[in-house]
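Colleague: These are the residues of each chain, in order.
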Amino acid sequence: MKVVSAALKNNNTSQSFNKIFSRQISVESLGPLDTFERRHNSASKEEAEEMARFVGFKSVRELIDATVPDNIKAPQALNLGSEEYNRGYSETEFLDMFKKMAGKNKVFKNYLGTGYHGTHVPQVILRNILENPGWYTQYTPYQAEISQGRLESLLNFQTMISDLTKMPLSNSSLLDEGTAAAEAMTMCSAIARGKKPKFYVSNKCHPQTIEICRTRADGLGLEIVVGDEATFDYNDKQVCGVMVQYPATDGSVLDYSDVVEKAHKGGMKVVAACDILALTQLKPPGEWGADMVVGSAQRFGVPLGYGGPHAGFLATTEEYKRLMPGRIIGISVDADGNPCLRMAMQTREQHIRRDKATSNICTAQALLANMAAMYAIYHGPKGLDDIAKKAHGLAKIFEAGATKMGFQGPANPYFDTVTLKCPSGADAVVASCAKAEINVRKLDNDHVAVAFDETTTLEDVDDLFKAFNGGKSTDFSASSLAPSVNVEETKFTRKSKYLTHPVFNVYHSEHEMVRYIARLEQKDLSLVHSMIALGSCTMKLNATTEMAPITWPELANIHPFAP
Amino acid sequence: MFRDLTKQLANITGFDDVSLQPNSGASGEYAGLMAIRAYHQSRGDHHRDVCIIPVSAHGTNPASAAMCGMKIVVIGTDEAGNVNMDELKAAAEKHSANLAALMITYPSTHGVYEDGIREICDTIHAHGGQVYMDGANMNAQVGLTSPGFIGADVCHLNLHKTFCIPHGGGGPGMGPIGIKAHLMPFMPNHPSEKDFGALPVGGDKPFGTVSAAPYGSALILPISYAYISMMGAEGLKVASERAILNANYMAKRLENHYPVLFKGKNGTCAHEFILDMRPLKDTAGVEVEDIAKRLMDYGYHSPTMSWPVSGTLMIEPTESESKQELDRFCNAMIAIRKEIADIESGAADKENNLLTRAPHTAASIAGEWDRPYSKQDAVFPADWVSQSKFWPTNARVDNVYGDRNLVTTHAAIEEVESA
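Taken in sequence, the protein lines are chains A and B.
Counting from 1, one number per residue, gives the positions in the first sequence under my numbering.
Counting from 1, one number per residue, gives the positions in the second sequence under my numbering.
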């Protein structure tokens with residue numbers, strides 16, 4: 001800033017006050033003031049130098065020079081790839097720039113399924129958990145006494161998974177469905193004490209699950225065999241387990257009781273990869289003999305986010321608890337005899353057992369597991385049932401309309417995903433849908449699969465009809481077809497209750513929900529209270545501007561497999 | 001955005017490319033080691049399956065190596081806490097024909113920039129192995145040096161550490177890997193491009209797939225992208241310098257109260273340091289857990305307990321804490337040292353004192369008080385605590401009981417209670 005003139009006249013006439021001090025405005029001072037670096041690096045320059053002197057050095061520079069070995073000091077400055085990145089955006093500059101960039105994403109309407117489904121994140125959960133530093137800046141709950149909030153929420157998650165799968169023991173999340181499946185495969189191998197090097201994977205599993213298992217098997221010295229679960233050789237004594245998908249990747253709901261019987265007779269364990277919403281409608285794997293159940297809790301109110309983060313889950317029987325990977329929340333007592341939640345059986349985990357651990361998993365998906373648990377708490381069993389029935393109902397109506405147009409519907413029952421045989425081939429249908437900004441899944445040259453979810457509306461189904469009709473309107477609509485479509489009970493219809501515990505049945509108004517969320521938050525120490533100087537964890541600032549874009553629809557609502 | 005972030009991370013790590021697929025640090029370790037394995041196999045070296053890992057490594061290191069079918073050879077550290085060079089050289093020589101990789105963290109997990117890091121990398125390379133660098137301590141490298149420059153072939157980053165993705169109470173995280181050109185062909189791919197016509201991911205000889213989604217937990221990548229883009233090149237370097245400064249400042253404030261375990265050659269630490277609590281067991285019967293629980297009464301989460309060295313606390317302030325906050329935490333630690341001194345001198349009871357009975361709940365002061373110290377000292381041990389109190393929900397948890405009687409769902413509690 002240039003000071004042009006500071007004409008101080010030593011007389012008291014009022015005239016002299018008018019021109020006592022004037023300067024030019026500098027362009028630099030008119031630039032963005034909301035610079036970020038000083039908000040993140042908290043000490044001022046003066047304080048930093050003072051601290052360096054306290055340590056015994058003349059300056060920060062000298063301290064750093066004495067600390068970083070000479071032979072690894074970088075010879076040139078860091079280059080982040082552009083002048084703007086190197087200079088650093090101010091907070092609003094960044095948001096503007098990134099909003100424009102994100103705007104280039106075309107958010108089509110998705111029916112791709114394959115383990116990822118649209119869902120409505122309840123606003124009360126979005127604002128009070130995902131957008132709330134009191135819920136996202138805590139560390140892993142190793143210090144139980146100051147972590148009872150999220151520990152209770154994770155216990156709710158475990159209870160929810162256990163109820164829906166009808167398996168007694170669930171962990172508090174894995175990274176995703178695919179790696180959860182690989183972990184279950186590893187468990188099967190461990191149960192066989194490593195003596196059975198083969199593992200069967202149904203070809204009806206999601207493609208990414210199959211690939212992850214294939215990769216994981218390679219490293220573990222296992223061999224996976226991908227094929228039709230109905231025709232595997234269950235007498236092969238080299239096989240430690242078999243994995244099925246329920247419903248199958250094409251939507252079919254199949255009876256695996258035969259598979260289970262044969263597998264168990266042959267000394268193999270059964271892993272069921274499941275859809276969590278489907279389990280509100282279908283007989284759960286715990287009731288038809290599965291040994292392990294895996295899946296993703298994404299469609300319980302966690303945004304698609306182009307693939308994640310989502311909470312994967314794994315549930316099993318008491319018998320295999322010591323082989324279970326991941327963190328498990330358990331109940332204990334405190335020094336006063338009061339119940340207290342904590343992370344249980346840590347001796348299975350990598351920080352204690354190292355190369356003998358059940359898995360290498362460390363960081364999981366706690367925040368997303370908490371969101372999914374809150375979704376189930378907010379909707380309750382009846383709310384989830386309604387959501388599931390709606391998705392199923394729309395799927396049935398769609399099948400009815402598609403059949404009218406000459407498509408051939410599926411032979412098997414289904415939950416939310418309708419597979420159709422296309423008289424003119426799948427590519428034509430996919431292209432026609434793409435023109436209408438709709439994504440449907442090409443299964444093979446003749447078949448497409450269309451997956452319905454919580455976000456689908458009657459109007460959406462009408463748009464689908466039009467797209468499947470080559471872009472021409474049909475003389476029927478979803479509403480007009482509805483009365484003629486029947487939804488029947490089948491042998492797969494779930495009879496057992498789920499989510500009967502009070503926690504899933506009392507927080508259904510927004511006030512109740514927000515207070516429950518707040519009550520739990522208040523029990524958790526996080527970065528909103530004080531510094532958390534955990535060595536090796538780097539608990540630094542998670543700035544609000546950094547967090548803001550993750551709830552923008554143009555980022556949050558993209559399906560990971562959208563072309 | 002993926003393209004720009006990939007370039008930013010590649011430049012920061014000094015590598016040629018980055019895979020955004022692994023969705024945790026451990027997942028990144030697994031992916032990096034699988035890439036190394038695929039590299040050796042592509043050269044016909046199927047027998048190369050030995051992985052050298054220091055005893056001070058994070059538990060995920062050997063756990064990930066085991067998942068890749070590697071045989072783990074553990075090497076020790078010397079009295080200064082650095083990798084024992086003799087043991088490293090001996091192990092590399094002994095397993096030279098079968099050496100796949102070394103896994104190393106830099107600066108070390110003891111908070112020291114080991115001088116011999118280049119020699120370590122050279123030794124491994126000379127014996128045909130690849131160097132995997134665990135990026136957990138990148139907060140002491142960004143802008144000052146880089147794994148690629150130091151000599152690593154692949155590293156993972158913990159975006160939920162160095163690059164500001166929040167911890168979330170136990171996740172989500174992201175663990176992208178930076179890799180050198182010779183490992184790029186083996187980067188993980190994803191079946192969705194084949195089945196859905198999505199963007200191709202991975203090299204042309206991929207070892208496989210590690211996450212269900214092609215870009216892992218893509219939605220949280222913008223957080224790191226925002227951080228890097230707003231800090232700028234100089235800002236990121238200053239962040240690392242401040243992280244180192246803050247750690248050294250705290251070590252200086254505390255070194256006369258608790259012994260600092262390891263230091264670099266000029267008497268400084270990197271971005272974290274270890275306080276040795278073991279002597280207090282002898283002089284006062286105080287365990288490191290007692291200090292961790294007493295810190296709760298002061299409104300603080302404990303530093304890392306008993307890792308990488310049993311009976312210690314490892315402190316990493318980061319650059320994001322003000323001098324006031326650093327001072328407040330140091331004051332809490334110093335006050336606790338005085339409480340321990342009272343035990344040492346006999347002024348406080350060895351079994352029944354402010355530390356062994358910590359943490360103190362609101363319920364405890366509301367009910368019968370039969371302890372030999374005051375309620376005030378228990379729950380309001382400092383002025384700032386009185387002004388802004390965080391109450392622990394429970395008294396100290398019984399871990400043994402919880403593992404012996406495993407109850408993991410609500411329903412199970414009711415069954416137990418009604419039994």
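One or more hints might be untrue.
Unchecked claim - As a list, the in silico DMTMM-like pairs of lysine to aspartate or glutamate whose alpha-carbon atoms are at most 25 Å apart:
1. B:K265 x B:D276
2. A:K196 x B:E193
3. A:K523 x B:D86
4. B:K71 x B:D86
5. A:K104 x B:D276
6. B:K350 x A:D386
Unchecked claim - Between beta-carbon pairs, the in silico distance windows are:
7. B:N331 x A:I352: 44 to 52 Å
8. A:R61 x B:E119: 48 to 56 Å
9. B:E119 x A:N105: 45 to 53 Å
10. A:S484 x B:F2: 27 to 35 Å
Claimed, not checked - Some, not all, of what chain A presents toward chain B, calculated at C-beta under 8 Å:
11. E83
12. Y85
13. E91
14. G409
15. E512
Calculated from the structure, these hints are not laboratory results.
Quantities reported herein were computed from a predicted structural model and do not represent experimental measurements.
Glycine included, C-beta positions come from ideal geometry on N, C-alpha and C.
Colleague: Give a verdict on every hint.
Modeller: Here is how each hint holds up against the structure:
| no. | hint | verdict |
| --- | --- | --- |
| 1 | B:K265 x B:D276 | holds (19 Å) |
| 2 | A:K196 x B:E193 | violated (33 Å) |
| 3 | A:K523 x B:D86 | violated (49 Å) |
| 4 | B:K71 x B:D86 | holds (20 Å) |
| 5 | A:K104 x B:D276 | violated (54 Å) |
| 6 | B:K350 x A:D386 | violated (60 Å) |
| 7 | B:N331 x A:I352: 44 to 52 Å | violated (33 Å) |
| 8 | A:R61 x B:E119: 48 to 56 Å | violated (27 Å) |
| 9 | B:E119 x A:N105: 45 to 53 Å | holds (48 Å) |
| 10 | A:S484 x B:F2: 27 to 35 Å | violated (47 Å) |
| 11 | E83 | violated (10 Å) |
| 12 | Y85 | holds (6 Å) |
| 13 | E91 | holds (7 Å) |
| 14 | G409 | violated (22 Å) |
| 15 | E512 | violated (18 Å) |
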